[in-house]
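Q: These protein sequences, in sequence, are chains A and B. Our numbering applies: residue 1 is where the first sequence begins, and numbers increase by one. Our numbering applies: residue 1001 is where the second sequence begins, and numbers increase by one.
Keep in mind the hints are simulated off the structure, nothing from the lab. Do not take every clue at face value.
[Stated by the list, open to error] Beta-carbon label-pair distances, calculated as ranges:
| no. | chain 1 | residue 1 | chain 2 | residue 2 | range |
| --- | --- | --- | --- | --- | --- |
| 1 | B | F1504 | A | T128 | 37 to 47 Å |
| 2 | A | I317 | B | P1199 | 36 to 46 Å |
| 3 | A | E328 | B | L1306 | 15 to 25 Å |
| 4 | A | L235 | B | M1431 | 55 to 65 Å |
| 5 | B | L1336 | A | K90 | 27 to 37 Å |
| 6 | A | F28 | B | A1032 | 25 to 35 Å |
[Stated by the list, open to error] Negatives, chain A to chain B, calculated, CB over 10 Å:
| no. | residue |
| --- | --- |
| 7 | E87 |
| 8 | I93 |
| 9 | G152 |
| 10 | Y318 |
[Stated by the list, open to error] Some chain B residues near chain A, calculated using beta-carbon distances under 7 Å:
| no. | residue |
| --- | --- |
| 11 | R1109 |
| 12 | L1336 |
| 13 | P1509 |
Cβ atoms here follow ideal geometry from the backbone N, Cα and C, with glycine treated the same way.
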Amino acid sequence: MDSLTPTASTKSYANDAVKLHAQGICKFYDATAALNPIELKILAGELLTLLGPSGSGKTTLLQLIAGLVKPTSGRLMIDGRDQTDLEPYKRDIGVVFQNYSLFPHLTVQENIAFPLQMRGQSDRVSATQVSNALEMVGLERFGKRFPHELSGGQQQRVALARCLVYKPSLILMDESLSALDRKLREAMQVEIKRIHRETSSTIIFVTHDQEEALALSDRICLMNNGAIEQLGTPLELYDKPKTVFAATFIGTSNVVSGQLANAAQISSDISERLIDIGGDCKKVALGQPCSIAIRPENVRIGDCGAGILNGTIIEEIYAGSETRMMVELPNGSVFTVRVPGGAQRCQLGENVSLTWDPQHVRILES
Amino acid sequence: MASSDLSSPNLSATGKPSFRLGSIWLAVPGVAFLLIFFLWPTVHILVSAVWGDDGRFSSKALFSVFTSSSYSRVMATTFTVAVQVTVLCVLISYPLAYWLSRHSARRQRLLMMLILLPFWTSALVKNFAWLVLLGRNSNFAQFVTSMGGAGDRLLFNRTVVLFGIVHTLVPLCVIAMMPTFNQVNKSLLSAATTLGASPTQAFWRIFLPLSMRGVATAGLMIFVTSLGFFITPSLLGSPRETMVGQLIIEQINELQNLQQGSAFGVVLLVGAIIGVILFDRIFGLSGVAGGSGNSQPDDRVRRFGLWLCSRIGNMLDPVARGYRDTFRGLPGSRLLGAYSLLVIALLLVPVVAIIPMAFTSGSFLAFPPPGFSLRWFETYFASPIWMAATARSFGIGLACAALTIVVAATVAFAVVRSRSRLAGAIFIFFMSPMIVPHLVISIGLFYLFAQMSLIATDIGLVLGHSVIATPVVFIVVLSTLRGHDWRLDDAALTLGATPRRAFFRVTLPLISGGIAAGLITAFLISFEELTIALFIGGGLVTTLPKQLWSDIFLQINPTLAAASVVVLGVVTVLFLLMEVISYWRKPA
Ligand SMILES: Nc1ncnc2c1ncn2[C@@H]1O[C@H](COP(=O)(O)OP(=O)(O)O)[C@@H](O)[C@H]1O
Ligand SMILES: [Mg+2]
């Protein structure tokens, strides 16, 4: 898995300051691994998302960074210092919890003032900081309310304000937006990007929503089964997925498995003909099983018999700006094709051909 | 585990053991307390039952329990009464608890107060009230006579003893059933109806099997408590209703025969343990409800139970439909409501009736009193004996509350917060005093304190009351801690609070309601406790209940009613305070 280490895919950041460096950090509960040993460098001022399905170890990694859980082994360097054994309250970290974790017995103001009081600030200074923080999240009028008197979105913003008020240099957010409805979530995403720009803090954002990850991040750390699957910019992850998991978890991909027949073609059971692969296939040896992925928007539908594959249209899903077609191949597998706009050129049950540019084919490790 | 919260209680506490209030070591003082003052004395009486005063082995005392015809008759009475009481309590309480569980949380809270008031009113006061209310000259007795019944023989028989014990224990039974009943009613019954079950079928197929766990718990507590009951048979029974508790008191307090007393204690203890095993295994009740650690899907008892429930449900469904169609004006829920209110009213009778008795102007206890006066309160407040007993009860209650909350809360913290395997064992150990009759604990402590020269001392009473209060307070605090959102503490840590400050600024304010409830509970238990007071207090150091108890046998006069009203007043105020606190605790 050498190619998956962050250093390989993050050359462009090589000169930036490293904010956090997880060195082989891992967490085992009894014998089961919540997080396998991972190597991860996060750069100062970057917004990195941990993306992965439920149970992939995102929360565990976040807890390790916050110091709420002690690692089974490995080191955690923050700002160049080894902070593996540092108590959570001594770390310069802010956490926005998924359930907000607002203190129910304190008002909004008191909640936001809490971290300032813990840092021994005078009430007068903290009062102005609290009102600034409330202003930043647009809740000036709600300072005297109790958390349970606020809506979910408002509670979310209080949690954000409570985290921002003491200007931590590293902010962790665990699925912080997943409880909000779509509109509110998108508004908060814009808010977070703005705050990230204005405060120049480093943000680690956990989500299981790939759209959210693509929209927010400087880089995405894709996790699966307690390990890092791939690390890179949203564009890299979308355009150059390295594994079947990456190709299917982020966006949709048509994945075909087969064997490398020669340097430029693979054989598979969806077609008698060999399929051209434009990209490099150095990773796979001849005759070895491998998979290829083609994004639905790169597949074109043509008249029957004229393309690379033939199939039958079995479903058509209209989604406003585009239409998705499901095409069933002779061996029963289904290809998704994305057609811009709502133009209906094809009928359900019609036999069509599918073509694509070999340069859009990606070879995946299996 | 699809939920993805940043921290959950048990995973934060791994790491370093001393990291925060989650260490299992926190349980050490509490465990030591129960080891010394509960387990050791209890084991000790097992030994001393077969060890004579001369230090030699002798099984004579233990055998005499079964061979002496008078003893074995008492044992038979005791176990028969305990079984009868258990069955009656469960049958009477079940519909009441079911009715209560169908009310909204707010209504239920109000109605529960009417159950909690008689629950917290001491058995002594309630039975004393019955003594007057059902006495030869009472209105009720005259009414029964005028109807052609034996009004002059209402008291001092088996029926009235059963009635008295059942009346005393029904509130406990309902309270023990409520958590399970509420859980089932809230979440699952509506699901069952949306899945197409009629109310009758939903009851028989879903509610009944799932409620069995609550029934088993309640039944067990009733059985164990009634085994050691001595107040009711002493006050309302004839010599033929003598139960083993009375024999133990006689053997130890009057005859100083520790070995014989222990032998009875051992039989009680064994009876209680057999009860536990019966309830847990043979009835397989928790198995029917599923979810208990070791219930097997193919367990025969479980399958039979479910099969029976569904059969009855199917059979009764048309009956219920027919009933609904025929008696449109009188739905079953009305009947259930009327029944429940009647039971509640009956529970309140002695509690309410004792008040006018205390304000009588006459020289004898009577209901209704001939006139109003405060003379008996004046007597009470002027009596140095009563005043000393009252002051002592307050002092011991406060000390007991302080000691118990420390023991119970530290252990509850350890059990909730540590991931140690020992936590489960400690939990069971702390619940175990519940299944040991108080009489047995008292005898054991009597031995221990005799060696430590703690008999007839306030310290002895405080320690004894704390042993009895510990499991109850432990549950109160434990449920508060289990309900606490520990992620808030993690949040406080990440916001820069040291563990100490996080505890005082976040944890403590949020659990203070539970701690207050625990304190009040401990005080109330101590304030009304009679068994320990009888044994450990000796003749010299008397608490309020002890003074009441001895005066009932010496001279029944309205001062007793006045003292009872004082007890009732204190209890009511404190229990209302507890209600207010718990109401307050939930702002949302
Ligand atoms: N305290 C714990 N004890 C045992 N297993 C745990 C614990 N916490 C997490 N796990 C396991 O570790 C894995 C990763 O969990 P988590 O980090 O919460 O995943 P995510 O946040 O990505 O959904 C899961 O399989 C989970 O069951
Ligand atoms: Mg998670």
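Q: Now tell me, hint by hint, if it's right for this structure.
A: Right, here's what the structure says about each hint:
1. For F1504(B) and T128(A), the Cβ-Cβ distance of about 26 Å falls outside the hinted range of 37 to 47 Å, so the restraint is violated.
2. Restraint check, I317(A) to P1199(B): a C-beta distance of roughly 43 Å satisfies the suggested window 36 to 46 Å.
3. Under the hint 15 to 25 Å, the C-beta atoms of E328(A) and L1306(B), about 45 Å apart, miss the expected range.
4. For the pair L235(A) and M1431(B), the beta carbons lie near 60 Å from each other, so the given range of 55 to 65 Å is met.
5. Between L1336(B) and K90(A) the beta carbon distance is about 60 Å. The supplied range of 27 to 37 Å is therefore violated.
6. Between F28(A) and A1032(B) the Cβ separation comes to about 34 Å, which falls inside the hinted range of 25 to 35 Å.
7. The Cβ of E87(A) does not lie farther than 10 Å from every Cβ of chain B; its closest approach is about 7 Å, which violates its non-interface assignment.
8. With a cut of 10 Å on Cβ distances, I93(A) falls inside the contact zone with chain B, its closest approach being about 6 Å.
9. Chain B leaves G152(A) outside its interface by the beta-carbon criterion, the shortest separation being 14 Å against a cut-off of 10 Å.
10. Distance check on Y318(A): its Cβ is at least 31 Å (rounded) from any Cβ of chain B, clearing the 10 Å threshold; non-interface status holds.
11. Using the Cβ-Cβ criterion of 7 Å, the hint placing R1109(B) at the interface with chain A is not satisfied: the shortest such distance is roughly 19 Å.
12. For the restraint placing L1336(B) at the interface with chain A, the shortest Cβ-Cβ distance is roughly 35 Å, beyond the 7 Å limit, so the hint is violated.
13. With 7 Å as the threshold, the beta carbon of P1509(B) comes within range of chain A, its nearest partner Cβ sitting at about 5 Å, so the hint holds.
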